[in-house]
Structures are given as C-alpha cells and as structure tokens.
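Participant: Line order of the protein sequences matches chains A and B. Going from the first sequence to the numbering used here is simple: count from 1 and add 1. Going from the second sequence to the numbering used here is simple: count from 1 and add 420.
Source of the hints: derived by calculation from the structure; they are not laboratory data. All figures in this text were calculated on a predicted structure; none of them were measured in a lab. It cannot be assumed that every hint is accurate.
[Claimed, not checked] Subject to a maximum C-alpha distance of 20 Å in a straight line, what follows is the list of computed SDA-like cross-link-like pairs (lysine to any residue): (1) B/K634 - A/L313; (2) A/K324 - B/Y542; (3) A/K324 - B/F739; (4) A/K215 - B/V659; (5) B/K634 - A/R316; (6) B/K741 - A/R118; (7) B/K716 - A/Y139; (8) B/K716 - A/S145; (9) B/K741 - A/A181; (10) B/K744 - A/Q120; (11) B/K744 - A/N142; (12) B/K716 - A/E144; (13) B/K583 - B/V659; (14) B/K716 - A/V319; (15) A/K321 - B/Y542; (16) B/K716 - A/Q120; (17) B/K741 - A/G323; (18) A/K321 - A/F306; (19) B/K634 - A/L317; (20) B/K716 - A/S86; (21) B/K744 - A/I141; (22) B/K634 - A/I320; (23) B/K627 - A/I320; (24) B/K716 - A/I141; (25) A/K324 - B/Q546; (26) B/K741 - A/F119; (27) A/K321 - B/F543; (28) A/K324 - B/I457; (29) A/K324 - B/V659; (30) A/K321 - B/Q546; (31) B/K716 - A/L140; (32) B/K741 - A/N214; (33) A/K321 - B/V659; (34) B/K627 - A/G323; (35) B/K583 - B/I457; (36) B/K634 - A/V319; (37) B/K741 - A/H122; (38) A/K215 - B/K744; (39) A/K207 - B/E738.
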Amino acid sequence: MKQSRIRINENNIIIVATLLLFVLLYGYGSISFTGFFSMQVFLNLFIDNAYLIIVATGMAFVIITGGIDLSVASFVAFVSMLAASLLQHGVHAYLVILMILVMGILFGAGQGYLIYRFQLHPWIVTLAGMFFARGLCYLINTESIEITDNTFIVLSDLKVYVVGENYLSLGAAISLVFVAIAMYISKYTRFGRNVYAIGGNVNSAKLMGLPVNKTTILVYTLSGFSSALGGFVFTIYMQSGYALHVMGMEMDAIAACVIGGILLTGGVGYLIGPTLGVLSMGIIQTIIMFQGTLSSWWTKIAIGFLLFLFILLQRLIVIKRGKRKVQSLSEPSILPEKAGQHATIS
Amino acid sequence: MRQAITNFMQAKIFWPLVALVLLLLINFIIIPGFFHITVKNGHLFGSLIDILNRVIPLLVIAIGMTLVIAMEGIDISVGSVLAITAAAAAALIDTTSVPIAIVLALVIGLICGLWNGILVAYFEIQPMIATLILMTVGRGIAQLITGGQILTINNEAYGYVGKGFLLGLPFAIYIGAAVFVITLLLKKKTALGLFLESIGSNMASSKFAGVQPKKIILIVYMISGICAAIAGILVSSNVSSADANNAGLWIELDAILAVVIGGTSMRGGRFYLGGTVIGALFIQTLSTTIYSMGIKPEITMVIKAIVVISVCLMQSEEFRKLVKQTPLKKKVSEA
Numbered sequence: 002m003k004q005s006r007i008r009i010n011e012n013n014i015i016i017v018a019t020l021l022l023f024v025l026l027y028g029y030g031s032i033s034f035t036g037f038f039s040m041q042v043f044l045n046l047f048i049d050n051a052y053l054i055i056v057a058t059g060m061a062f063v064i065i066t067g068g069i070d071l072s073v074a075s076f077v078a079f080v081s082m083l084a085a086s087l088l089q090h091g092v093h094a095y096l097v098i099l100m101i102l103v104m105g106i107l108f109g110a111g112q113g114y115l116i117y118r119f120q121l122h123p124w125i126v127t128l129a130g131m132f133f134a135r136g137l138c139y140l141i142n143t144e145s146i147e148i149t150d151n152t153f154i155v156l157s158d159l160k161v162y163v164v165g166e167n168y169l170s171l172g173a174a175i176s177l178v179f180v181a182i183a184m185y186i187s188k189y190t191r192f193g194r195n196v197y198a199i200g201g202n203v204n205s206a207k208l209m210g211l212p213v214n215k216t217t218i219l220v221y222t223l224s225g226f227s228s229a230l231g232g233f234v235f236t237i238y239m240q241s242g243y244a245l246h247v248m249g250m251e252m253d254a255i256a257a258c259v260i261g262g263i264l265l266t267g268g269v270g271y272l273i274g275p276t277l278g279v280l281s282m283g284i285i286q287t288i289i290m291f292q293g294t295l296s297s298w299w300t301k302i303a304i305g306f307l308l309f310l311f312i313l314l315q316r317l318i319v320i321k322r323g324k325r326k327v328q329s330l331s332e333p334s335i336l337p338e339k340a341g342q343h344a345t346i347s
Numbered sequence: 421m422r423q424a425i426t427n428f429m430q431a432k433i434f435w436p437l438v439a440l441v442l443l444l445l446i447n448f449i450i451i452p453g454f455f456h457i458t459v460k461n462g463h464l465f466g467s468l469i470d471i472l473n474r475v476i477p478l479l480v481i482a483i484g485m486t487l488v489i490a491m492e493g494i495d496i497s498v499g500s501v502l503a504i505t506a507a508a509a510a511a512l513i514d515t516t517s518v519p520i521a522i523v524l525a526l527v528i529g530l531i532c533g534l535w536n537g538i539l540v541a542y543f544e545i546q547p548m549i550a551t552l553i554l555m556t557v558g559r560g561i562a563q564l565i566t567g568g569q570i571l572t573i574n575n576e577a578y579g580y581v582g583k584g585f586l587l588g589l590p591f592a593i594y595i596g597a598a599v600f601v602i603t604l605l606l607k608k609k610t611a612l613g614l615f616l617e618s619i620g621s622n623m624a625s626s627k628f629a630g631v632q633p634k635k636i637i638l639i640v641y642m643i644s645g646i647c648a649a650i651a652g653i654l655v656s657s658n659v660s661s662a663d664a665n666n667a668g669l670w671i672e673l674d675a676i677l678a679v680v681i682g683g684t685s686m687r688g689g690r691f692y693l694g695g696t697v698i699g700a701l702f703i704q705t706l707s708t709t710i711y712s713m714g715i716k717p718e719i720t721m722v723i724k725a726i727v728v729i730s731v732c733l734m735q736s737e738e739f740r741k742l743v744k745q746t747p748l749k750k751k752v753s754e755a
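Using the sequences plus the hints, can you model the full thing?
Facilitator: Here it is as structure tokens:
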C-alpha cells in the first residue's frame, strides 16, 4: 500500500507542478493587472487555444506509445485551406466538415501503416507527412481565402454560456468534450491500456499478446483525426484558410505535452496534462499581452525556459525510477510490470 | 568484376547515387543546357554551379548532423542556431571588423552546441527534447538580437564569404569542401569516427570498452553548433541580411533528410559522410529541377515528401522483402 502511495506522488508530481505554476501565474497576473482576474479572461484561454488543446491531446496518445507526430500543424493548415476552398466552390458546410474529418482519419492511418508495416522511423514518416500537407495547401492556393459561408459564420458566433454573461465558443466546448473522451479512453478502454503498455516496452507488449500493430496504426489515426478536428475548430476561429497558418505549431503541441507531464520516453502521462500545458503557455502569452511593453518574442523565450524546467523535472523522476528498479531487483515480489503499474494508479 | 558490382550495389551509397544520377538524367533530357557551363567575367556560370553554390549551407549543417545522428542523437536546433548566428554577425558587423564578427559568430554557435551537449551528455535528456528547447528559444533570442526587424548588411568583405568568387568558383563551395574534408579526416585519421560509431551502436558496451561517451557527445554537439554557425554566416552573407524568423526555417528537417537519404540510420551506428553529401545534393537538385522545369514551385514540398518516403521505403528491409517475395510467391502458386 505504501509503495503505491509513493508511485502516485511520482506520477502526479508534474501535473501538480503544472497546476501550481498555472495558479501562480494566474495569481501574479491578477495582482499585477486590473481586469485580469475575470471569468472571461480565464475562459478566453480556452477559446484562443481550443485547437491546440485538441491537437496536443491527440499527440499525447502518440507520445505515450513512444512515437511522435510532426504532421499535425501542417494538417491543421491544410484543413483550413481545404475547408475555405470547398466552401468557396459552394459545397455544403456539413459535407465539408464530414470530408475534413474522414481525410484526417485516412491521413493518420496512412502514416501509421507506413510506420508499422515498414518499420520506418516515425520522425521521417510524419516529417514527410508535414511536407505533404503543407505542399497541398500551396497547391490549393497560395493566397489567404476568407470564409463567407453562412453556416460557418453561425458556428463561429455560437456561444455556450457558462456562468452568467461569460461564455465559451463552440470550438472551446468541443475541445473540452474531446479531452474528456480522451481521458476516458486512456483509462477505461482496452485500447488505452494497450497504448500505455506499448510505450512502457514494445517487446513485452508483443510477448503479452497485445495487438501492437493495430494499436500503433490506431494511435496515428487518432492523431490524424484530432488534427482534423483541431483544424476545423481553428478554421471557425480564424474564418479563413491560409497555407502559412500555424507555422511550427507541432512544437507547441509537443511542448504542451512535456509541460503537462507526458514523458517523452513513452509509457507515462495523464491525458489532462496537455490541456494544462496549453493553458500555462496561454497564460504566459496573456500576461505578456497585458504587460504591453514586452515584445512578442519574450513569449518564446519564457516558454522555452519553462520547457527546460519541466524537462529537468521529468529527468529527475526518471532517475529516481531507475534507482527504485535497481532496489526492487533484490525483492522480486514488487517488480512492477510497467503497464500494470499504470493500471493500479488509475 | 561481378563481385565488385554486387558489392557496390549493396553499398549504402548505391541507392542515393542512383536517385541523384536519375534526377540529373531527367534534367539532361528535359531541360536543354542544364549541363552547360559558361564563363562570364572570369566566373563560371550554369545550373550545376548554381546547385553546388546553393547547397552549401544545407551541406555544412547536414555534415554536422551526420555526426550527431551517428551516435543516435539528433539536433533539431540547427535552424535556430543558424538564425542566432546570422543575427549576431549582422549586429556585430557594424561595430567590429569582419574577422572578429565571424569569429564571434562561430563562438556563439559553439556555445549553443555546448548547451545542447551538456543537456544530452550530463543531464541525460533525450536528444530530441534537449535540442527542442534551443529550437523554441533560439528564434526568440534571434529576434531579441535583431529587435524584431530584418537587419541588412552593407559590408563588401563580409559579402565575399557568401557571394564572392575564387578561381572562377563561388567562394562558398570552398568552405563546404573544407568542412567536408576536415570532417572526413576527423573520421578517418582520428579515433573520433570509431568512437562515434561505437557509441551509436551500443552506449553501454562502449563505456565498458573505455570510450568516454559524455566527452564525445559534448564534442559532437559542439561541432554541430559550429556547422550551424558557418551556415548562418554563409546565408546572412549571401542575402546581405539577417531575418530572425525565416533564416534557416526548416533546414533541420532538410538536413535530417539529407542524412537519412545518404544511408545513415536514425538508430545510430555506421555513418556515411559521402552519402550525406549525395543526399544534400539530391535535395537541392530536386528543388532546382522543379524550378527550372517550370512546375509551380508550390508543388516542391509535395514532391519532396513523396521522394523522401520512396527513398526510405527502398532502404527499409521490410519493403525489400515484400518486393522480393511477391514474384516468388507467384512462382510457388504456379508450380
């Protein structure tokens, strides 16, 4: 019993640290700037970063299996471009949304198939996917396309009232639902358990008879779907399609996962983490915006510094784990299988 | 003779070389005068020279990247380091002399490499994550140096580095060749090459064999940083300006591609500097071909993606097995 208590702390510590950081930053902002401590400022964090929350959550699944997906940002841009272009040609809005989501699934499944079937490095495959999607954007149009479709405008103006006058946009609401579903999948479904098992150790997952190939492909499919959904949310937020949208956003998504406690070695992490990571990054941006005199590049430097701190924290945890493993070798009764470990945590 | 041919066919450099030759052949057939080289004002001009000249920043970075990948690392911060050094050189050139500015830029590249190396070697952070930090922060630092603007450089001596000609050839080609030769000598004539391959194959056993992986890792990241700095100087000198946002954007990805196309595995171990050169040349030739064939330049990225996947598939054991098996299976079923 005592053992499991220690494990809970170890696994929670990054989430707790991120939460603490968020509260501290929010507290600092509230004290320093008038008008910062309001419900709407808080909700705006969700509205402005809804697409990033969705994409980072999808990415988290891939990272937990020990892979990576670099194609997400390009695909978001591609989705915005495709939607804008199709709407311009008079295709029905709901048909467009359906097409986008199906394409995301196919794109992700294709990448997953290449990675698993031919044992290619996920870096290379998703890098090619990134070039491919960005290239397709340019093929559709090099200029920015504005969206004038009625349905999309209605969707973007849709407000979900939370408390009194304070509201969430449709995109933000979708992102919250998506995160909730992702958390459920990761904890209570067979697929979720497989993902953690593969990230812990691919070989033992194979020996245990888990469907490694199916899960690998599914994970990339999920990431493809989430970037398509994120792209849709982004499109109704921006009301335009442009090939240069969200340049380098894949790194933001990875950074959000790191700050949210998803271990990049795979096998460890909570699906609420990326959301907290995105919110922390968002609040830094908000503070710099409220501050007014600092230039925008300080955001990058601050986020980089934050990334550094959290990576060090992750490193400390892994070192601690390694030490415990050595100890437990002498007591075989508490030799935890990595996958089993997580089953007990949740 | 047959043995030699099969040996050559099995060499890692074979497929990239075939791809490059094929690409050049396509150029030869489709674009008239592609191989034509003229002499103007004592300088050589032509598509081939142009490719050689333009490939140098990518080539220099890819050579540094080869060493990093050989020991199972990766350095995705090179693009940002390029931007930092370009910005630093541009900012320094107004106040100091050209040699001092160049040396300081190189030192900055070295420090960036040192930072990456310390994180990877002593904090034992995964290479991709460790360099991710500098990749994110780097562009911010570069913007800090330039003040968010594009700095222009009006210095003829500095411009010579990226635009000048020596003995009829662009000066940058000599720099690229020098970097290649020095790295090749480091690989062949010192123990560094051996150490790198041993660390890339098995870190633990090379530690037991008496190699000091930490030191080597540090040195290699520093080399990669210097390579990025050289590329930064070349790029800023060539376009006479330093753009913190767009200088060297995505060059890390191109460099990784060049290394992988060249036959060095992302999983470390054996590395092929010659292959990297071919890989870099292949990428640059591809871009130039697309431009000169009159295809919309927007399509470059799509073609690049398809080519990359095809080359990687060709190198994949699984795919080769699949291709080899299919006719065999048919024979069996026919029998």
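Participant: It remains to establish, for every hint, whether it holds in the given structure.
Facilitator: Outcome of the hint check:
| no. | hint | in the structure |
| --- | --- | --- |
| 1 | B/K634 - A/L313 | holds, 18 Å |
| 2 | A/K324 - B/Y542 | holds, 17 Å |
| 3 | A/K324 - B/F739 | violated, 41 Å |
| 4 | A/K215 - B/V659 | violated, 49 Å |
| 5 | B/K634 - A/R316 | holds, 17 Å |
| 6 | B/K741 - A/R118 | holds, 12 Å |
| 7 | B/K716 - A/Y139 | holds, 10 Å |
| 8 | B/K716 - A/S145 | holds, 18 Å |
| 9 | B/K741 - A/A181 | violated, 43 Å |
| 10 | B/K744 - A/Q120 | holds, 17 Å |
| 11 | B/K744 - A/N142 | violated, 41 Å |
| 12 | B/K716 - A/E144 | holds, 14 Å |
| 13 | B/K583 - B/V659 | holds, 9 Å |
| 14 | B/K716 - A/V319 | violated, 49 Å |
| 15 | A/K321 - B/Y542 | holds, 16 Å |
| 16 | B/K716 - A/Q120 | violated, 33 Å |
| 17 | B/K741 - A/G323 | violated, 39 Å |
| 18 | A/K321 - A/F306 | violated, 23 Å |
| 19 | B/K634 - A/L317 | holds, 18 Å |
| 20 | B/K716 - A/S86 | holds, 19 Å |
| 21 | B/K744 - A/I141 | violated, 38 Å |
| 22 | B/K634 - A/I320 | holds, 17 Å |
| 23 | B/K627 - A/I320 | holds, 19 Å |
| 24 | B/K716 - A/I141 | holds, 12 Å |
| 25 | A/K324 - B/Q546 | holds, 18 Å |
| 26 | B/K741 - A/F119 | holds, 10 Å |
| 27 | A/K321 - B/F543 | holds, 13 Å |
| 28 | A/K324 - B/I457 | violated, 64 Å |
| 29 | A/K324 - B/V659 | violated, 53 Å |
| 30 | A/K321 - B/Q546 | holds, 16 Å |
| 31 | B/K716 - A/L140 | holds, 8 Å |
| 32 | B/K741 - A/N214 | holds, 18 Å |
| 33 | A/K321 - B/V659 | violated, 50 Å |
| 34 | B/K627 - A/G323 | holds, 18 Å |
| 35 | B/K583 - B/I457 | holds, 18 Å |
| 36 | B/K634 - A/V319 | holds, 19 Å |
| 37 | B/K741 - A/H122 | holds, 18 Å |
| 38 | A/K215 - B/K744 | violated, 25 Å |
| 39 | A/K207 - B/E738 | holds, 18 Å |
Violated hints, listed in ascending order, are 3, 4, 9, 11, 14, 16, 17, 18, 21, 28, 29, 33, 38; each of the other numbered hints is respected by the structure.
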